[in-house]
Amino acid sequence: MPVVSGREPARLGQVSPLELTLVLFVIGIVAGALGALLGLGGGFVVVPVLTLFLGVNIRLAIGTSIVTVIATSSGAAVAYVRDHMANMRIGMFLELATSTGAVTGAFLGSILVPKVLYVIFAVVLGQSAIAVARRKSLEDRPPLPADAWADKLGLHSSYPDAARGRVVTYHVARSKLALALMYVAGTMSGLLGIGSGTLKVPAMDLAMGLPIKVSTATSNFMIGVTAAASAGVYFGRGDVNPLISAPVAVGVLIGALGGARLLSGINPRRLRVLFAIVVLAVAIDMLVKGVS
Amino acid sequence: MKDRGGLQDSPGSPGAEQTEPVVPGLEIAVSIVLRAGVILSSLLIAAGTAVVLATPSSRSSARRAIPQLRRGALAPTALRTPHTLAAVFSGVGRGHGLAIVMLGLLLLIATPVLRVMVSVVAFALERDRRFVLITGAVLCVLIGSFAIGG
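Respectively, the protein sequence lines represent chains A and B.
Residue numbers for the first sequence follow this note's numbering, beginning at 49 and rising by one.
Residue numbers for the second sequence follow this note's numbering, beginning at 955 and rising by one.
Chain B extracted, bound-state conformation (with noise of 0.2 angstroms):
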């Protein structure tokens, strides 16, 4: 490659050959992520919510709160969801409905920071040195992101 570089290029479109792959695994990999991850947090979303939905005391309470998301209302906070990764666990331990549906909101988020792992892998496994800085840096920001908001 190095001594006959260039070559075997057709003489009229130099780049058009070298753009041309983009990563063969990587686009079947990033769509089956994706599709899981999507799949797998509606699923617990939808789960959670009929959980609330049969619930008589998920049910009340839910009634309770729902005047207070109106425009307005002071401190969304004080509707007592879990928010933080240990109050969903346990919430989902004892199989409470809004605690499953924010595991599966959760899950969501996460889907497209599985994604850009996903691609980091898939770009090493093609040598691609640019793209592994790239998408490597990108994970940074977001694992960083997630370290800070929680």
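Chain A on its own, in the form it takes in the complex (with noise of 0.2 angstroms):
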């Protein structure tokens, strides 16, 4: 038997690998659609559940986290490139700030110790809850004026609206604002496991004043490559586990091409709603357990 603190379970000793992988694949499922659906990688369900429920290393769980959000990103993306839903030259400009970040992001974490990540998470998460539910809703916000490099870069498009029957147009705004904003997020997806969805989405609807269901499709079509920019560094540094990140990984993909295709139907007030609540849950969780 294992030694463990009092008020910590044993439950990693108790299971056999079969039960293991098991447990761990539904879980990515559950992450998987919940992540494609609000425009996340899945990390703010994985790195939470792997780490509060389950007892597994925080450094494992953000390991693990990596490569589910690039499963997420991947699998949804197909559906959104199909859909015309994401803007591949936003996300693309946008990458260069968010795989700079990662890079950095992974160095910072090789150097902090877990408590602070614990805070960090909380604290990231937390605020981007608040962003999301104090914002205006899409229709009664006034358009931001293009700015000079979305026009140079051909960055402005337009989408399908599944819910309003018609095709949506949109300009791009603030586009350095973006950028900058990018990098905070690519590096906190470096150092936390996440695909900080949460910021990304924020970041273009309020900077860049684009529709919410570009930005999360964006958004996701941009997490597998600042996720890959981190990953790497986990890979060598032997964070990635097999035993947890296989199962995890798999069902993480089977949901989130499940989740992909519920969003084109879905109410973009209801989804923003959902996604505050959610996130919001979570930060306190890991506050908590990062004080603690």
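Keep in mind that the hints were calculated from the coordinates and are not lab data.
The beta carbon of each residue, even a glycine, is placed where N, CA and C say it ideally should be.
Treat the hints with care, as some may be off.
Which residues of chain A face chain B? A partial, calculated answer using Cβ under 8 angstroms [stated by the list, open to error]:
1. Val115
2. Leu144
3. Leu201
Starting from two chains that each stand alone, build the complex the way the hints lay out.
Right, here's the structure in full:
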């Protein structure tokens, strides 16, 4: 019997490899569906569930998460790209900042102690939830003036809105501000193993003035490249563990494919409220864990 | 195009015409790369996991490793899973389940990198110099990070 602290149930000491695989597979399916639905990488489910409920080491949870984030992004992006929902030009432009940030974050992760990671995780998620909850609804917002970079790079586009039954045209604003915010988002992604869609979606939404469905889909599209920039570091460090990562990654993939299909029919207001509530709840949980 | 630039644009929306085409072949190529990478890697991961669970020796070493995965365990790397390219490939050659899983995970990590490579080529074919530079720079960051991390 492995020695564990008094208040920590020895869950991992009691399961067989088959049981562990099945449990993680189901967790992956749920995380993938939620992640794709909310425009997050799934990491915001994977890290808290693995650490808070299963008692997995946070570095292994982050290593698993960064891989599942790639699975979610790639799985969901197939559908978004096909449906012309993701703006690939915006995505590739902003990947300049997110990938550089991710490398920064992966290095920071090897320096910081786990308790600090919990607290940063909580703060990042809490901030995201508040930012999204406070935002005015899309229809009431005055359009932002398009900026020169966006004109030159041809970032403006349109997307088919299934809920409203027509093609919606949009213009892109404040590209430089978005680039700066994306560097921060990338750093958090590399540090915490999350897709940081919680930061990418609001950044595109608030800075660039993109419709939420476009920012959600484009965020999903970018997340894979952002995650790949830090995943190599985690892999080399041995923090991508096959016993945990394998079942979660395959589950996430299956869940993500289902979640992407659901997105085009969903009401943006409801999506935002759901997003805010879930993220805030997770943030409080992680904060308690980091401070105690 | 030089002398007549802009003459054919509709007066109301000068920008809209230029920005519409997002490299026609690119979206399809990206979809194919993402799908192929994801399917192949998940098959490898699933197959490797099946091998681990079906092989008595792998299963018992997995059973011993599981308690070490918990919070507070000091050295995750002590689990002795292959995490260098050489270790992964030699393990796959000997039919080790965990090495097959790790190969699948590596391919999954490489999928977005392949996607960026496809984008560089597609933008080069379109002669979109700005986006060749942008996607090329992203590719450099990705390859650089792999080099640093490994």
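Original post:
Honestly, which of those hints from before does the structure not fit?
Top reply: none
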